[in-house]
Amino acid sequence: MIQALNIEKRYGRAWALRKVSFELGDRGFLLVTGANGSGKTTLLRLLVGLATPTRGSLAIAVPRGQVGYLGHDALVYRDLTGLENLELYGRLYRIPERRERIGMLLERFGLWEARSQRVAAYSRGMTQRLALCRALLHDPSFVVLDEPFTALDDAGANVLDQELATLAGVATVVVSTHDPARVVSLATARLALT
Amino acid sequence: MSGYAADVAALARKDLRLELRAREVVPAMSVFVVATLVVFHFALPPDSGRTAAYGLLWVALVFTALLGLGRAWVPEREGGVLDGLVLAPCDRSAIWLGKSLATLAFLAVMQAVALPAFALFFAPIRGQAIVGIVLADIGICAVGSLVSAMAAAGRTRDLVLPLVFLPLAIPLIVGGIGSSVATHGSHYLLFLVLYDVLFSILSWASFEYVITE
Amino acid sequence: MGVALVLIFFVAQVDADQGISQKIFYFHVPIALTSYVCFGTGAWKGLRLLWTGAERYDLESYTAIHQGTIFGALTLITGSIWAKASWTHWWVWSDDQLVLFLVLFLFYCAYFMLRTSIEPGSRRERISAVYALLGVALIPVSFLAIRLSKSFIHPVVFSRHGPGMTHLQFTAFCVSWAALLLLVYVMYRIELIGKRTDSELRDLREAVAA
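Note that the protein sequences, when read in sequence, are chains D, S and X.
For the first sequence, position 136 (counting from the first letter as 1) is numbered 136 according to the numbering used here, and the numbering increases by one without interruption.
For the second sequence, position 107 (counting from the first letter as 1) is numbered 1107 according to the numbering used here, and the numbering increases by one without interruption.
For the third sequence, position 83 (counting from the first letter as 1) is numbered 2083 according to the numbering used here, and the numbering increases by one without interruption.
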């Protein structure tokens, strides 16, 4: 489903990613590891189509609406409430039975009580939970998560563990982390960036 | 409602909601435009006629619009939201259209303050001038949403936006002043329509390239 | 270029009203036209970039606009000299072409500022290309606007060419324009080669360092 051959990405004069090749089949689970600055975020942005490789070829057979991406930023409006943000994305993704789906996700990630607060008032962990809701809102078949455990407390991390376990084998998943122990049991492939 | 229109409506409504909640841009623009008019009262020599005042009205309107355009993509930039919108399956031009419509609404509110103030301080405003202002607003929003997104991609966005925007706005100012001053100004209005159509199509078609790689 | 100079100064008749100062016409107008050609080329390369995504068009578009801006500045200078000679002022708002070039010059100055403020990469390439396209739309629209603005700023419109050119004058004009086009093309190639060598050198240096 994903074929990357010698992909490279340069920002300005600095190379963010050098010669990465891998393949990932349908419903595979790829674990991307590497130190800070090794290009994990860059690789993930390339995979979801937010950036294009400077060199090399990258083929991904997924329509844009089937990609679920969790980035460094939460990709939500700070002055809208959690619910309003998800409502907006729900409309743009044309999710059937939007309200039910949003309510279920907010419930699952423990944000239902805080749904009518502005995101600016959320703690970092809550913002991360909301970002996860946003990434998974449209039930994507290709899930790309960049450091998903960042800022989550134990309860949040447990919810995410469960989510990942349900996704594995149903969707194609790429997860980057510097703490691979948490998800290594689910991974079907590993990619270590240097 | 078709899917495209629904996307545009959702995006524009979001901007209006943000503004209603934060009340940052529109009040700032309204106060700024009135302050500018007051400054012009002192800047204009007492014997300068009405025509000069109409010219200054347009200076005030364009600079105030610039103030609003500078803030247009700030909410998107703060949380990296533009990435989220780019990933959504909607047509990317809908993002531009939503922003343009929201900006148009902000300009309309600002002008609802500015024009009565101008009529009170300087000279009455005719119907033809109002049509000219509305047409110019459309052009300002269409081009402005595009170039402010372009400027927002750089480091010195606040500095670059006026430099980029003003040369593009000169034709609008010409058409606008013409329609405010001339007795038979229909060709100025026609020119504004031409500008709006040409630059709206261009912005609509090219916006996707500005926000993607 | 030499042929053009000879034609301009020795062959073409001296204009009856304007005398020797009219000679600058053979520089001013071809320089202005050359500048349009550069801006047009820049936009065309920009369109090709958006169409094909090939990185090389970015540099070509940039170089064309750079040359266009240089020639635009020259247009302003020669136009200003001409204005001084013909109308005794260094600047006249009644010359459409000159005012248009002022607007365009400002617009393309902003191009360089916008471009330098964005990190190099595909985002910058695309934004520059869109900007170049906006430029070619702006040229006719601004020209029309300037013509329209005259009716309320300067009611008197006067024609510059007057009775038109003789055959010899027209030949001198065309040769001069052709010479300038050749010059701009050579300058464009040189700048392009320079820029390409520069970036290749940088890549090589990095490869050596790595």
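It is possible that part of the hints are untrue.
[To be verified] If the Cβ cut is set under 10 Å, some of the chain X residues that face chain D in the computed set are:
1. P2120
2. S2122
3. R2123
4. E2191
5. E2206
[Claimed, not checked] Simulated restraints, written as ranges between beta carbons of each label pair:
6. D:W112 to X:S2199: 49 to 59 Å
7. D:H72 to X:L2182: 48 to 58 Å
8. S:V1134 to D:D179: 49 to 59 Å
9. X:V2208 to D:E113: 56 to 66 Å
10. S:D1047 to X:R2189: 55 to 65 Å
11. S:R1092 to X:L2182: 38 to 48 Å
12. S:G1003 to D:H178: 53 to 63 Å
13. S:R1155 to D:W112: 32 to 42 Å
14. X:W2090 to S:P1027: 19 to 29 Å
15. D:W112 to S:D1091: 42 to 52 Å
16. X:I2190 to S:P1124: 23 to 33 Å
[Unchecked claim] Non-contacting residues of chain D with respect to chain S, defined by C-beta distances greater than 10 Å in every case (computed):
17. A59
18. D79
19. L83
20. G110
21. A114
22. Q117
23. S185
24. A192
These aren't lab readings, by the way, just hints derived from the structure by calculation.
Yeah, the Cβ is synthetic: ideal placement off N, Cα and C, and Gly gets one too.
Tested hints:
Evaluation of the X:P2120 hint against chain D yields a held restraint, the C-beta minimum of about 5 Å falling below 10 Å. Interface restraint check: X:S2122 against chain D, minimum CB-CB distance 6 Å, threshold 10 Å, status holds. Below 10 Å, beta-carbon pairs count as interface contacts, and X:R2123 has one with chain D at about 9 Å; its hint therefore holds. Using the Cβ-Cβ criterion of 10 Å, the hint placing X:E2191 at the interface with chain D is not satisfied: the shortest such distance is roughly 20 Å.
Hint on X:E2206 holds. Least Cβ distance to chain D is approximately 8 Å, under the 10 Å limit. The hint said 49 to 59 Å for the Cβ distance between D:W112 and X:S2199, and at roughly 54 Å that hint holds. For the hinted restraint 48 to 58 Å between D:H72 and X:L2182, the CB-CB distance of approximately 52 Å keeps it satisfied. The beta-carbon spacing between S:V1134 and D:D179, approximately 57 Å, falls within the hinted interval of 49 to 59 Å.
With their beta carbons about 59 Å apart, X:V2208 and D:E113 fall inside the hinted range of 56 to 66 Å. Under the hint 55 to 65 Å, the C-beta atoms of S:D1047 and X:R2189, about 58 Å apart, fit the expected range. Hint check: S:R1092 to X:L2182, Cβ distance near 42 Å, so the stated range 38 to 48 Å holds. Against the hinted window of 53 to 63 Å, the Cβ-Cβ separation of S:G1003 and D:H178 comes to about 40 Å, which falls outside the hint.
Checking the proposed 32 to 42 Å range against S:R1155 and D:W112 shows it holds: the Cβ atoms sit about 40 Å from each other. The hinted window of 19 to 29 Å between X:W2090 and S:P1027 is violated, with their beta carbons roughly 45 Å apart. D:W112 and S:D1091 have their C-beta atoms about 33 Å apart, which leaves the hinted 42 to 52 Å range violated. Distance hint check for X:I2190 and S:P1124: the Cβ-Cβ separation is about 59 Å, which falls outside the suggested range of 23 to 33 Å.
With a least CB separation of 17 Å from chain S, D:A59 remains clear of the 10 Å interface cut-off, as annotated. Chain S draws D:D79 into its interface by the beta-carbon criterion, the shortest separation being 5 Å against a cut-off of 10 Å. The non-interface label for D:L83 is consistent with chain S: the shortest C-beta to C-beta separation is roughly 12 Å, beyond 10 Å. Listed as outside the interface, D:G110 is consistent with that label: its C-beta sits roughly 20 Å from the nearest C-beta of chain S, beyond the 10 Å cut-off.
Interface exclusion of D:A114 from chain S stands, the closest Cβ pair being 16 Å apart, more than 10 Å. The claim that D:Q117 lies off the interface holds: its Cβ sits roughly 12 Å from the closest Cβ of chain S, which is beyond the 10 Å cut-off. At roughly 29 Å, the least C-beta separation between D:S185 and chain S is larger than 10 Å, which holds for a residue marked as non-interface. Taking the minimum C-beta to C-beta distance to chain S, about 26 Å, the non-interface status of D:A192 holds against the 10 Å cut.
Consistency note: the structure conflicts with the earlier hints numbered 4, 12, 14, 15, 16, 18.
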